[in-house]
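Chemist: Protein chains in written order, with the numbering used here: chain H, 1 to 401; chain E, 1001 to 1448.
If you're looking for bench data, these hints aren't it; they were derived computationally from the structure. One should not assume that every hint holds.
[Unchecked claim] Some, not all, of what chain E presents toward chain H, calculated at C-beta under 7 angstroms:
1) Gly1062
2) Asp1066
3) Asn1074
4) Ala1184
5) Ala1186
6) Leu1194
7) Asp1196
8) Val1250
9) Leu1254
[To be verified] Among chain H residues calculated to face chain E with C-beta under 7 angstroms, some are:
10) Pro28
11) Arg73
12) Gly213
[Said to hold, decoys possible] Quick list of the computed label-pair ranges, beta carbon to beta carbon:
13) E:Ala1340 to H:Gly198: 25 to 35 angstroms
14) H:Glu277 to E:Pro1023: 52 to 62 angstroms
15) E:Glu1175 to H:Pro364: 50 to 60 angstroms
This one's a predicted model, so the numbers in the text were calculated from it and none came from an experiment. Glycine is no exception: its CB is placed at the ideal position from the N, C-alpha and C atoms.
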Amino acid sequence: MTEKVHIAVALEGAGWHPAAWREESARPRELVSPGYWRDLVRAADDAGVVLVTIEDALSLEGRSTEADAATRRDRVRGRLDAVLLASFLAPLTRRIGLVPTVTTTHTEPFHLATGLQTLDHSSLGRAGARIVAGSSVSERANFGRRADGPVGFPASGRVEDDPAWEAAFREAGEVVDAIRRLADSWEDGAIIRDVETGRFLDRERIHNVDVEGEFFSITGASIVPRSPQGQPLITVLAHQSVPYRLAAEHADVVFVTPQGVDDAEAVLAEIAAAADEVREQPEPLRVFADLLVLVEGTESAAAEAWSRLEERSPISTDARVVVGTADAVGDVIHDLAGAGVDGIRLRPARLPADLIAVTEQVVPRLTAAGLLHEDDGAPTLRERLGLPRPSSRYVAQEVSA
Amino acid sequence: MSRQIHLAAHFPGVNNTTVWTDPSAGSQIDFSSFEYFARGAERGLFDYLFLAEGLRLREHRGRIHDLDVLGRPNTLSILAALAAVTEHVGLVGTLSTTFNEPYELARQLGTLDHLSNGRAGWNAVTSSDAFHGANFRRGGYLDHGDRYRRASEFAELSKRLWASWRDDAIVADPESGEFLRRDAIARVTRTSDLFDVDAVFDVPASPQRRPLIVQAGDSADGRDFATAHADVIFSLHTEFEDAQEFYRDVKGRLAAAGRAEDDLKILPAASFVLGDTLEEARERSREIALAQVRPETAITYLEQVWNRDFSGYDPDGPLPQVEPDTGPESAQGFANRHAAVRSRIAKLREVAETEKLSIRDLVIRLTANHTFVGTPDQVAADIDRYVQERATDGFTVVGHLTPHGLDEFTDRVIPLLQERGAYRTSYEEGATLRDLLGVSGGRVAAGA
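Generate coordinates for the entire structure from the input sequences, incorporating the hints supplied.
Modeler: Written as structure tokens, this is what we have:
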């Protein structure tokens, strides 16, 4: 029997196809309105999608690699801060994990950590983050604090061939470590409210993190008491060795982009090897395969919709593209499940159209086929993914002292 | 018509005035507490709710302070969540200009303004000591003058970023394929010894265009900042004559800055205690003060000033006669710290001697001196007088209990303010925070 998988959804602007905003069903003038995001994420929540990721970047052209990104007028531009958008969505949703994209080069790691902890409190244990390494030239100009950093991607396409990119990945690892330490800095039960002795806290159960890294240092404990999940779920999108290692060392979930079943097996093997080498956590790294999907009622309608988009603006994407009926998408997911991935992250080509198709057609088919993990009511995102709640590292320290 | 009263609802903070020992006191961190508080502020038709910011846990003599409420959420993240469970009330948070960068804070506040349909506000503060800086990449290094220069340039940059998208920038015409009117977004640059920014903003113009700016410092630099940038001053001037003088001073500066008097509101912090009679209110005030200043709170307060161990002292006895331990010149950037501590102690001694106060009563006098104590009628009349006689434009009200500390005020005082014709009886549909406060400066004419 095939292993069961989780379904995640990746949200980006009007969808992942650059021409998606021109579709009749698109809502291109509402991309920064609260109602647009509430509708999308509620639909995913109601369908039982396990988590939603939200794209973000700290510049107008975002993560575009197009040479003329700064001047072209036909692309969706303008966005909301993803951590705050996720925070807004927390009280409006019930079960779904909220995983905003965060950059690790500009945002203060302390603010990032406390923002995610607060998201975990507000969502009652559904917070995560997608960690992005590095920064673009325009991001650095917007901030004006750091001259150093990668300029484009190395010609080889490999991170290890550019010291600036390698440094960016080391920094991302440091930021994740700081997020986890700050999340652990208040032990559970540090708030005692002992009226007898007049003590609100047991200060022995709150710990300075004393992070002293290559890129930054943080002395104190978090300002936020420990949150329902203990630590937010850490996720990374990875395409090659250095990011695989970052994920293996620091992440709970990695998103990968295999082009087929054989490729998926190779990626899983490479990640397993990286984990053998660098992973310290006992829990296995969960691997989700990304698929960019366009779904219509018939194969011909799907093909027609896709060529309409492509004629307007051809896509360049890292993910495998699946254009077809809900059954066709289901078949691809079935095969990937067979290859051993833990989940699938679907990137709807058009929003809201392909998200609706996923929630109304794809998910019910997968459920009927017994391919999906059922929601057993586990209260937190971690537990829903079968990951235990981490105990604070500082408790262990005391026991061994 | 009466001058209209404006009110902000301050979530109880992490200091001794928040009473956690009361059996009804709730969580300071659970979202349910914040939701309760926000809905309560909206029920009371407050202009906005107000949250402070945590940058580091309080310490006392090198250890985490354990007597008061401690631990709170990230300001921006909790405000964004509250935007989802409220419709009308403004959402204002304290955010440091020292440990943030303009591009990111402007996009976060712009985001909050979109998510709340125009209810975002920013209490811009400076912070520069090494103790807080130790949690940030930037560290603590700015002296007083520089941090206000940075705050001012920061606010200026933020305002330019918010104004950089014209209202018609997003075309989104599926036929022509033009999404963005590129020339409708202005580049924002600044090169100084403090900033080197060459930015293109990525958040489209938000409902208020410019989120509200609140200012809380009281120094000369602080007043200059307020005159130039702020829409509201969160002051500490609550004695009537003192408040009137502050009001005159600040409002008087506006004309020179080319601003209208109404465009800067002054809302000092205020606490309250109600009773059915004045007598009963005074008794309750005393009880609450004793809960706010427990014996160990009083001793700790003096230990912070003197930097000495006073655990052997009787809180109901007189002030210690010993000299403070000013230690080596502090790394916290106070050049004349010795003199400041000595002069502070001299003042404390003077007050304690003149009014014959014990340690505990002195600390009550300093930290638990409730602004309005009386029957609801008396409190409403007092508040109204401050506003009608131009001592304030209203108050930032703080209760002593989390999260329900303002319920009594909303239930018993607000209706009386309404009867006086000095307070709104409903929210205007679709009003932004600027609309509620009656301050302009946000919306720009289309195409301007």
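Chemist: None of the hints should be skipped; say for each whether it holds.
Modeler: Against the structure, the hints come out as follows:
1. Restraint check, Gly1062 (chain E) versus chain H: the minimum CB separation of about 11 angstroms is more than 7 angstroms; hint violated.
2. For Asp1066 (chain E), the shortest C-beta to C-beta distance to chain H is roughly 4 angstroms, which falls under 7 angstroms, so the interface hint holds.
3. A distance limit of 7 angstroms between C-beta atoms decides the matter here; for Asn1074 (chain E) the minimum to chain H is near 4 angstroms, and the interface restraint holds.
4. A hinted interface residue such as Ala1184 (chain E) counts as satisfied when its beta carbon comes closer than 7 angstroms to some beta carbon of chain H; here the least separation is about 10 angstroms, so the hint is violated.
5. Because the closest C-beta pair between Ala1186 (chain E) and chain H is about 12 angstroms apart, greater than 7 angstroms, the hint is violated.
6. Hint on Leu1194 (chain E) is violated. Least Cβ distance to chain H is approximately 10 angstroms, over the 7 angstroms limit.
7. Look at Asp1196 (chain E): its Cβ gets to within about 4 angstroms of chain H, closer than 7 angstroms, so that hint holds up.
8. Against a cut-off of 7 angstroms between C-beta atoms, the interface hint on Val1250 (chain E) is violated, since the closest Cβ of chain H lies about 31 angstroms away.
9. For Leu1254 (chain E), the interface hint is violated, since its Cβ never comes within 7 angstroms of a Cβ in chain H; the closest pair sits about 32 angstroms apart.
10. At its closest, the beta carbon of Pro28 (chain H) sits 4 angstroms from a beta carbon of chain E; the interface hint therefore holds under the 7 angstroms criterion.
11. At a threshold of 7 angstroms, the smallest CB-CB gap from Arg73 (chain H) to chain E is about 5 angstroms, leaving the interface hint in force.
12. The restraint placing Gly213 (chain H) at the interface with chain E is violated, with a minimum CB-CB distance near 11 angstroms, outside the 7 angstroms limit.
13. About 29 angstroms separates the C-beta atoms of Ala1340 (chain E) and Gly198 (chain H), a value consistent with the hinted range of 25 to 35 angstroms.
14. Separation of Glu277 (chain H) from Pro1023 (chain E) is about 55 angstroms and conforms to the stated range, judged on CB atoms against 52 to 62 angstroms.
15. For the pair Glu1175 (chain E) and Pro364 (chain H), the supplied restraint of 50 to 60 angstroms is violated, since their beta-carbon distance comes to about 36 angstroms.
When each numbered hint is compared with the structure, violations occur for hints 1, 4, 5, 6, 8, 9, 12 and 15.
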